[in-house]
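Chain order of the listed sequences is A and B.
Start counting the first sequence at 1; every next residue gets the next number (the UniProt record's numbering).
Start counting the second sequence at 1; every next residue gets the next number (the UniProt record's numbering).
Take the hints with a grain of salt, since some may be wrong.
With the Cβ distance kept under 10 Å, some of the chain B side facing chain A (calculated, not the full set) [as the list claims (entries may be wrong)]: (1) Ser173; (2) His230; (3) Ser273; (4) Val293.
Derived by calculation from the structure, the hints in this document are not laboratory data.
Bear in mind that the values here come from a model prediction, so they are computed numbers and not experimental data.
Quick reminder that beta carbons are idealized off the backbone N, C-alpha and C, glycines included.
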Amino acid sequence: MTTQAKPEEVSAGSGGTPFLSVRDLSVRFSTEDGVVRAVDNLSFDVAPGSTLGIVGESGSGKSVTNLAVLGLHNPDRTEISGSIKLDGQELVGAPNRELEKLRGKKMSMIFQDPLTALSPFHTIGKQIGETFRKHTGASKKEARDRAIEMLTRVGIPQPTSRVDDYPHQFSGGMRQRAMIAMSLVCDPKLVIADEPTTALDVTVQAQILDLLKDLQQEMGTAIILITHDLGVVARTAQDIMVMYAGRAVERGTVREVLKAPQHPYTWGLLSSMPSLTGDVNIPLKPVRGTPPSLINLPSGCPFNPRCDFREKVIGGGCTSERPPLSPATGHAAACHLNQAQRQDIFIDQIKPRLG
Amino acid sequence: MSNELTLKPASPAVGSGDPLLSLTGLKKHFPVMEGFLFKRQVGAVHAVDGVDLEVFPSESVGLVGESGCGKSTTGRLVTRLLEPTGGEIRYAGQDITHASRKELAPIRSEIQMIFQDPYSSLNPRHTVGSIIGAPMEINGINPAGGIQRRVQELLETVGLNPEHYNRFPHEFSGGQRQRIGVARALSLNPKLIVADEPVSALDVSIQAQVVNLLQELQRELGIAFLFIAHDLSVVRHFSQRVAVMYLGKIVEIADRKSLYESPRHPYTHALLSAVPEADPDDDRERIRLTGDVPSPLNPPSGCRFRTRCWKAQEKCASEEPPLVQLSGNAANHLTACHFPEDPAPAAVPAQRAEV
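Working from the sequences, and respecting the hints, build out all of it.
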């Protein structure tokens, strides 16, 4: 059941029916200061067995989007509109009982910090088995066996004895492995990994990413990988969506977005990352300023106050009109610059910096 | 970020040939106590176990390694926030290993520290003005024009609005807080700054802003840096010399070019190969290190890396490799390994291929 999409394959629409399809999703929170538009009109698809990398700074709406998919927002304080279809089933507005049946079984989540996501009071085995028992009605014994099997699968040494350990007895990398075991215990078809390696060292990060990739090939799981590290995405994902201020600003395959990026924000992200080969005497070129407040977004393109290429737009639509993500499928960017301008700017000014 | 630097360059304390800071066989063992009522020592965590390192005036030395390898402890020993167990720390020729508080006072103002977490290293009840001014007050320094003017000067130097001196830390974003930490470190015209993971808590674009700021300061003010980080690309960008630590010891130290282009120690090689690059054509051979760093409570005999090394032989267990210049190495490229890698493997990818 390896339905691994090839890197060149565009998952958006072309790879058969997507397993997860999000259309015009908006998530708003009411706070004392005003309404926070955390996610605004976001659409994307994830094909079965493929990996979508969502990249962006803190506060760009990456995590909020995925908590909405899992239905983990507090309904009293959150306003969700649009449509989220998982395997054809509508999730927006679905009763909590329905969602509960899906969470852990059809879709599951790997959290960033395993130390806070795991309960310190329960053994690893019990926490892994809990999900399994809930969804399959298995006995305690069966759940324990399943937990051991999962621990073996994610490469924990001596799983039969480690299954009775508490999270504090595991190292950081092993805890993240246990989290992965927990999320995969019911063979879900969609796994959302929210910064799964941010808290880990490079060597352990490489181990975890390889593990996720291997398990995906083995089980045909679709993965949404949320990260701020473009290097991690380049290594694991087939498609990338770059988010800024709750919106998608660029979307495409890994090759398209990293090799020929079209949005000034993506350029900024790429040129602010030091590489292992670039010229050390060229200073990094960070994106100016700080991300905008989601309560009071700049008019027009939300990126315009930090954009270096605003004056190049003919007619100056950046401050008045919000650019749509176009074209509708394939490699797309939400920017008023026309295709030829983007091409020229990237080749003349951005590419030489990337080493 | 083209602030005018308003500080006077610190004149080198010693002739350019002498190191500003030199560590010889530096050790820090944390005792492990056990027992009720009568505590006795049952072991020791060998956090730093014989580190030799020199930092020359206006030079930046990077210290990299996985978590738990003793990088931060080394930084804290240098600033004498921890008392060394053994070895020697010399600052500008003066032995400060066990110097008393009183003897340290004049030196403390010359060695400053920038901390990792800008959220917990600033007192939330103090205004930015009093945070940055505190070092001057404590040291009884009264700059021309008063402390407030100097604080505003410093705020401008690090790219913050000088009028914000009476704001509180919570009113600033993560990147801005880190700038406040930098301003505080600069307030006494230090000659050496120990920066402990100064950018790892920040988003990529903000990270680049802070790295650029530090680089500018280093260049213009001639401050020497001991730059502790786990991100190898950032270290390469910022430091002229890089030392790789593993389990309390330096395993390899070299000029940046030599270390990144021809690493000799298997651990350095593995670390470099684990760094994900934002390049879909990145097809470097990846070394999968298995397992975690062994416990520093009971480090392996001989070479400490042997438990994870694919080249380990019997000699590695019995004999500790000395840190020496191997044949084929550039000058000042020291490696501690019995069976080093070939001098010029392609540890870093060739230039990015054309689109």
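Here is what the structure says about each hint:
1. Residue-level restraint check for serine 173/B holds (minimum Cβ-Cβ distance to chain A is 5 Å; threshold 10 Å).
2. Interface hint status for histidine 230/B: upheld, as the beta-carbon distance to the closest one in chain A is roughly 6 Å, under 10 Å.
3. This hint holds: serine 273/B has a C-beta 8 Å from the nearest C-beta of chain A, less than the 10 Å allowed.
4. Interface restraint check: valine 293/B against chain A, minimum CB-CB distance 8 Å, threshold 10 Å, status holds.
Comparing the model with each numbered hint stated earlier shows that all of them hold.
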